[in-house]
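> In case you want the letters, here they are:
Protein chains: 4
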Amino acid sequence: MGKPIRIGMVGGGLGHGGFMGRVHRMAQRLDGEYVLAAGCFSSSAERSRETGDALGLDPGRIYADYASMAREEATRDDGIEAVSIVTPNHLHVPVARVFVEAGIHVVCEKPMATTLADALALRDLAKRHGVAVMLTHNYSGYPAVRRARELVAQGALGELRIIQVDYSQDWLTEAGNEGWRGDPDQAGPAGALGDIGTHAYQLATYVAGQSATTLSADLHTFVPHRRLDDFAQALLRFDGGARGRLSVSQVSPGNNNRLQLTVYGTKAGLHFDQEAPDALMFSPLGEPAQRLDRGGPGPAGGADRQAGRIPAGHPEGYLEAFAQLYRDFAAARRGDTAAAAMLPDATTGCEGLAFIEAMLASHRAAGRWTQLPSYSD
Amino acid sequence: MGKPIRIGMVGGGLGHGGFMGRVHRMAQRLDGEYVLAAGCFSSSAERSRETGDALGLDPGRIYADYASMAREEATRDDGIEAVSIVTPNHLHVPVARVFVEAGIHVVCEKPMATTLADALALRDLAKRHGVAVMLTHNYSGYPAVRRARELVAQGALGELRIIQVDYSQDWLTEAGNEGWRGDPDQAGPAGALGDIGTHAYQLATYVAGQSATTLSADLHTFVPHRRLDDFAQALLRFDGGARGRLSVSQVSPGNNNRLQLTVYGTKAGLHFDQEAPDALMFSPLGEPAQRLDRGGPGPAGGADRQAGRIPAGHPEGYLEAFAQLYRDFAAARRGDTAAAAMLPDATTGCEGLAFIEAMLASHRAAGRWTQLPSYSD
Amino acid sequence: MGKPIRIGMVGGGLGHGGFMGRVHRMAQRLDGEYVLAAGCFSSSAERSRETGDALGLDPGRIYADYASMAREEATRDDGIEAVSIVTPNHLHVPVARVFVEAGIHVVCEKPMATTLADALALRDLAKRHGVAVMLTHNYSGYPAVRRARELVAQGALGELRIIQVDYSQDWLTEAGNEGWRGDPDQAGPAGALGDIGTHAYQLATYVAGQSATTLSADLHTFVPHRRLDDFAQALLRFDGGARGRLSVSQVSPGNNNRLQLTVYGTKAGLHFDQEAPDALMFSPLGEPAQRLDRGGPGPAGGADRQAGRIPAGHPEGYLEAFAQLYRDFAAARRGDTAAAAMLPDATTGCEGLAFIEAMLASHRAAGRWTQLPSYSD
Amino acid sequence: MGKPIRIGMVGGGLGHGGFMGRVHRMAQRLDGEYVLAAGCFSSSAERSRETGDALGLDPGRIYADYASMAREEATRDDGIEAVSIVTPNHLHVPVARVFVEAGIHVVCEKPMATTLADALALRDLAKRHGVAVMLTHNYSGYPAVRRARELVAQGALGELRIIQVDYSQDWLTEAGNEGWRGDPDQAGPAGALGDIGTHAYQLATYVAGQSATTLSADLHTFVPHRRLDDFAQALLRFDGGARGRLSVSQVSPGNNNRLQLTVYGTKAGLHFDQEAPDALMFSPLGEPAQRLDRGGPGPAGGADRQAGRIPAGHPEGYLEAFAQLYRDFAAARRGDTAAAAMLPDATTGCEGLAFIEAMLASHRAAGRWTQLPSYSD
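As given, the protein sequences belong to chains W, H, Z and C, one line each in that order. Those letters in the first sequence? Residues 7 to 383, by our numbering. Those letters in the second sequence? Residues 7 to 383, by our numbering. Those letters in the third sequence? Residues 7 to 383, by our numbering. Those letters in the fourth sequence? Residues 7 to 383, by our numbering.
Treat each hint with caution, since some may be false.
To be verified - What the simulated footprint calls covered on chain C by chain Z, stretch by stretch (three residues with Cβ under 8 Å from a Cβ of chain Z suffice, anywhere in the stretch; the number is not a length):
1) 157 to 171
2) 187 to 194
3) 230 to 241
4) 244 to 255
5) 365 to 375
What the hints assert, rightly or not - Computed spacing ranges between beta-carbons, pair by pair:
6) D71/H to G164/Z: 52 to 62 Å
7) T81/Z to A159/H: 53 to 63 Å
8) G308/W to G185/C: 17 to 27 Å
9) P190/Z to A181/C: 32 to 42 Å
10) E107/Z to A159/H: 25 to 35 Å
11) G109/H to D84/Z: 43 to 53 Å
Keep in mind the hints are simulated off the structure, nothing from the lab. The beta-carbon is built from N, C-alpha and C at its ideal position, and this holds for glycine as well.
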């Protein structure tokens with residue numbers, strides 16, 4: 007543990023709906039590697055002030071607008087080194103841009119942008135300024151997910167054939183809770199697809215080490231008057247030869263936050279369930295199915311142990327996984343390239359937007375198999 | 007329990023691969039409602055003889071060919087009243103036809119035929135002869151499945167929105183075990199799709215009370231030189247407004263026989279897992295998720311208890327569910343229309359072939375959304 | 007499969023409470039190795055007649071009293087070769103005695119007697135007459151239990167240290183359902199202890215291959231006015247050096263029939279749950295925990311496959327396990343000593359009574375560690 | 007969130023075996039309610055220094071002995087307000103004493119002392135000095151445990167009858183890892199019993215709201231040459247009329263940290279499993295079993311939600327539960343009596359020692375039912 011990184015936050019004000027801001031702050035604190043030093047927590051100056059006060063910030067570093075914050079922090083000796091962007095989607099790029107231009111590293115919520123063009127432009131900008139961008143696809147921080155990825159990379163599954171990812175929630179089963187997520191002007195053109203579909207797709211590609219080349223999509227809005235999709239499904243083909251599917255829904259009663267990934271290869275299968283994240287089921291062909299506990303024995307325990315904090319049997323959860331991204335981001339700032347390689351970055355953000363746009367395009371074309379647009383460096 | 011029904015069997019000889027014949031015989035015996043009285047157990051007269059002998063049949067009623075069997079049994083005073091057809095797929099229709107024409111009721115393995123045209127013709131023939139046809143979509147015999155169906159029918163889920171069914175096995179992960187299932191001349195044009203896809207589709211429609219109107223399919227054969235699909239997936243739209251997906255695979259390591267159905271409506275969700283068939287998970291929106299034990303308390307316990315034999319906590323399984331179809335079939339012969347209404351029949355068989363043909367057609371048309379052909383009465 | 011064994015039944019009349027009679031008959035039928043040929047199904051001649059008629063028995067072989075049945079069947083050329091005793095506990099010995107004396111093999115419900123003295127006397131009598139006695143400790147018929155036993159016997163667990171068995175039900179949480187089980191004159195001196203405690207103890211010793219030498223017990227009757235214990239627990243020491251505990255309760259809401267066994271040795275642990283009986287959890291020290299599916303890969307699959315009927319993934323349950331005892335009993339009659347060695351017998355019955363009497367004695371002595379009385383041959 | 011509390015730590019140095027120190031520090035950081043300001047991290051001055059440096063402490067507040075630390079911190083204006091004691095057991099009381107006498111609040115690992123007499127004396131001392139003592143029985147911090155406690159308190163289970171608690175680990179299955187826990191001079195007279203038995207007993211009494219009055223115990227050391235018990239079991243009777251059992255083992259292969267509590271009353275049962283801590287199983291008699299998700303619907307959600315941080319479906323774990331104790335302790339310092347009432351305190355510590363001493367006494371008396379010594383205020 008080195009000297010804590012000074013970090014700022016845009017968005018994430020206290021109050022109802024401020025769940026993600028709190029999550030980011032807990033994740034920053036857990037490992038003692040960050041100190042929250044500045045913030046512009048709301049588009050309302052008053053609410054920003056209240057939040058900053060409650061968090062014990064120096065009043066002079068609680069900002070009413072993010073552009074001032076970027077400008078002023080960049081000039082302070084003790085200015086923030088990184089910023090977390092926890093705003094509605096449509097602000098990700100505008101906010102990120104000013105911090106990137108100020109040479110401040112960016113941690114950004116997903117989806118990175120509301121269009122692929124914007125995402126690509128942000129990626130280029132960050133590259134030009136030598137600024138790091140981490141996208142908080144937090145499920146990538148789970149030790150079991152890291153282990154799954156390592157199992158695949160080491161060939162324990164053989165050649166991958168089938169990739170299946172499902173993300174089901176129920177909090178939008180009825181109308182009324184959408185908030186900004188229900189407003190295309192703030193959320194962008196994708197509803198459930200953008201909110202959780204990008205997580206599902208990222209998880210699948212992160213573990214499988216393959217990206218989709220083409221997909222056939224079906225989107226739907228089940229709840230009357232809702233303006234964005236609350237359900238999306240697709241058949242997928244991957245560049246490594248695998249086939250599979252993706253389903254997301256926010257209208258599935260009985261599912262709090264059920265993200266599940268199943269991958270089958272020629273030699274084994276694996277299964278991850280985000281609601282029971284401390285173990286991975288691993289099924290080598292012709293052998294008994296095994297439960298790979300976090301930090302426990304079995305193949306590919308390296309990445310697993312590296313991303314955990316406490317021994318098996320002492321459950322870790324969502325906040326620890328989230329904190330792992332922050333921990334890796336801190337390590338990356340100190341030059342740890344292995345940690346950096348674990349992180350979703352601006353290219354991941356572009357991949358997410360490419361996925362969204364392909365889904366929307368395929369759906370509009372009555373499910374025609376549609377190629378994902380290019381987002382390569 | 008009335009007087010046992012005299013039943014015969016075509017196919018199902020002892021020896022390797024004779025698994026399904028043994029299952030049918032155990033299912034017939036469990037409730038004491040059938041007596042196996044005649045059989046033509048193999049296309050090999052010698053193997054048929056050996057099997058019949060081992061089963062203790064009257065030597066005069068062990069047949070070398072099924073046509074003779076139908077003819078002779080039809081003329082005996084103590085001739086069989088029903089026949090079970092447990093042959094490779096391509097023989098279902100030819101065998102069924104001669105027994106139907108002899109006025110003998112038919113229990114037939116799925117898929118009922120290798121083409122929809124054959125299926126429709128058989129259905130018509132049976133109707134003309136007043137002969138009952140039961141298709142052994144055995145998963146319909148599970149008490150939990152019956153309860154799921156009743157929950158949906160009673161409106162406990164509200165309006166259905168999402169129907170997801172997955173059937174994964176691993177026994178064809180490598181080449182070599184296909185037997186007749188790998189030979190299009192015996193299995194018909196569909197591999198995994200015909201073998202387990204029809205089960206998956208039937209389970210979904212049986213519970214949901216909705217049929218697919220249109221689908222977008224993707225089939226694949228992962229194992230080199232295999233002649234039929236070992237993987238199939240589809241997006242579906244149902245006539246009641248629901249959307250969903252179906253996936254089947256016989257190349258998924260770690261899955262013995264994993265058939266799972268999930269249905270979501272406006273008011274609740276339910277989940278059935280064939281490998282843990284003695285309970286149903288039921289999740290009313292805004293209430294805790296409930297485990298509905300077979301025969302246990304909770305909504306829709308009627309169908310559930312009617313289809314079970316022993317109290318909750320004394321696990322029932324695959325054979326009991328299979329036996330339930332036979333028990334209902336016997337009850338239906340005695341005029342029990344409620345039991346008859348529970349049974350997959352010749353129309354179900356046509357629906358299965360319509361599904362197969364739409365899947366094949368959509369796949370050939372690069373996944374185009376394809377309507378299921380008509381199989382209405 | 008040889009010629010079916012002609013079997014009779016005493017007790018097990020249709021009507022409420024006739025659950026166990028039906029179970030025995032289904033278990034006899036499943037594998038086609040028995041034909042029910044005679045019966046005295048009730049102490050009421052009329053109810054015996056009704057049951058026999060409903061089962062389609064020859065009217066001349068439906069008896070009003072079991073002594074006549076034993077006498078007459080023993081003289082018929084086609085007389086029964088075995089009898090199943092499914093009566094209240096206090097009749098097990100009187101009924102068994104007359105059939106043993108008539109040279110007819112006995113299948114008997116547990117506990118074998120209401121006193122150890124009676125049990126020992128019956129065992130001796132059977133031995134003198136060369137008659138086989140099988141006690142239907144049906145949980146011994148589960149493939150997973152057979153596999154657990156084989157794992158222990160093969161040393162896969164190393165030296166056993168800890169044996170824990172719990173059997174919880176909830177059907178007596180409130181007063182009113184006891185039937186004859188609540189009446190000491192019919193049930194004997196033990197309530198839950200006799201009814202399910204004997205099952206729990208037998209399961210533990212069957213798998214572990216160790217018997218208790220001494221125990222410290224605590225019994226209780228929670229429901230007012232109930233005349234026999236509805237809860238019993240004990241600490242145990244075993245002759246192979248293991249220690250452990252046993253708990254039984256019929257007043258534990260949420261438990262249908264939850265019998266669980268956990269055994270730990272120096273090298274591994276195993277866990278069996280009767281409500282999910284198709285797999286065994288096996289945990290070798292320093293390796294991932296494994297799920298050993300019935301008939302699936304992993305250590306000690308021999309006994310497992312031998313006791314199963316259908317492939318893994320096609321759930322077997324309580325009736326199949328029960329049928330397995332009958333199948334082994336039939337095989338034993340044909341001289342199969344391996345099958346015979348799998349079966350709970352008259353010595354097992356004596357061990358059960360020794361356990362009951364030690365529990366009662368320890369409880370009366372305020373929990374003093376009490377030796378199990380001798381039941382050796 | 008008020009101004010962070012300045013806290014110090016005794017013990018908890020970095021390096022192997024420093025697991026609990028890291029846990030306490032993460033728990034302190036998670037909610038931002040503490041700042042670590044001083045420490046004496048090891049009996050080795052050098053190791054204490056290294057740890058303090060790594061944690062970024064002011065060098066002047068890294069101490070070589072705890073007595074100096076208490077003395078000096080008590081005189082600073084910015085001195086610590088509380089101290090966490092994370093040392094081997096034999097030091098808990100000596101360390102706590104000097105901080106109590108310095109008027110500094112104490113957070114202490116369990117067991118609070120190595121004898122009941124010491125525990126009682128510490129409790130009295132703290133009372134006289136008006137200093138708060140929190141014992142880190144961290145499982146009390148789980149939202150599901152809080153909810154279980156509230157369910158019992160609200161009468162949702164009716165009158166309690168049966169309380170069963172089991173705590174199994176496997177890390178001492180073989181000799182060699184004991185560290186100070188294997189040394190009676192540091193650990194006290196109880197091995198597994200003191201280390202995890204106190205947790206198990208505290209969890210049971212915390213949820214049930216009943217204490218044991220009398221118990222019958224059996225302790226054992228399975229691993230040769232080990233000096234303290236690695237296995238303990240007992241039958242228990244509680245002051246509210248319930249009966250039950252407790253088992254602890256550190257030689258049970260396949261168990262990382264399996265702490266399970268089951269409670270049955272006249273109206274319902276509940277089950278908590280520490281390895282799946284985000285839900286509680288609740289089984290009202292005559293209704294389906296329910297899964298009560300953390301923060302989810304169902305009875306007694308108040309305490310549950312109060313103790314959680316993020317919505318259901320976003321798993322919380324061990325660190326969050328641990329942090330909850332710290333969060334409640336901070337709230338208690340600000341006068342929140344409801345939070346204070348949730349916390350294990352010095353009386354809990356006395357109860358734990360009373361339990362240990364009764365277990366040891368009963369075991370020495372060959373399992374005689376033994377009363378727990380008094381620890382009342």
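> Does each hint fit the structure? Answer for all of them.
Structure-based check of all given hints:
no.: 1; hint: 157 to 171; result: holds (count 3)
no.: 2; hint: 187 to 194; result: violated (count 0)
no.: 3; hint: 230 to 241; result: holds (count 4)
no.: 4; hint: 244 to 255; result: holds (count 5)
no.: 5; hint: 365 to 375; result: holds (count 4)
no.: 6; hint: D71/H to G164/Z: 52 to 62 Å; result: holds, 59 Å
no.: 7; hint: T81/Z to A159/H: 53 to 63 Å; result: holds, 57 Å
no.: 8; hint: G308/W to G185/C: 17 to 27 Å; result: holds, 25 Å
no.: 9; hint: P190/Z to A181/C: 32 to 42 Å; result: violated, 50 Å
no.: 10; hint: E107/Z to A159/H: 25 to 35 Å; result: violated, 57 Å
no.: 11; hint: G109/H to D84/Z: 43 to 53 Å; result: violated, 35 Å
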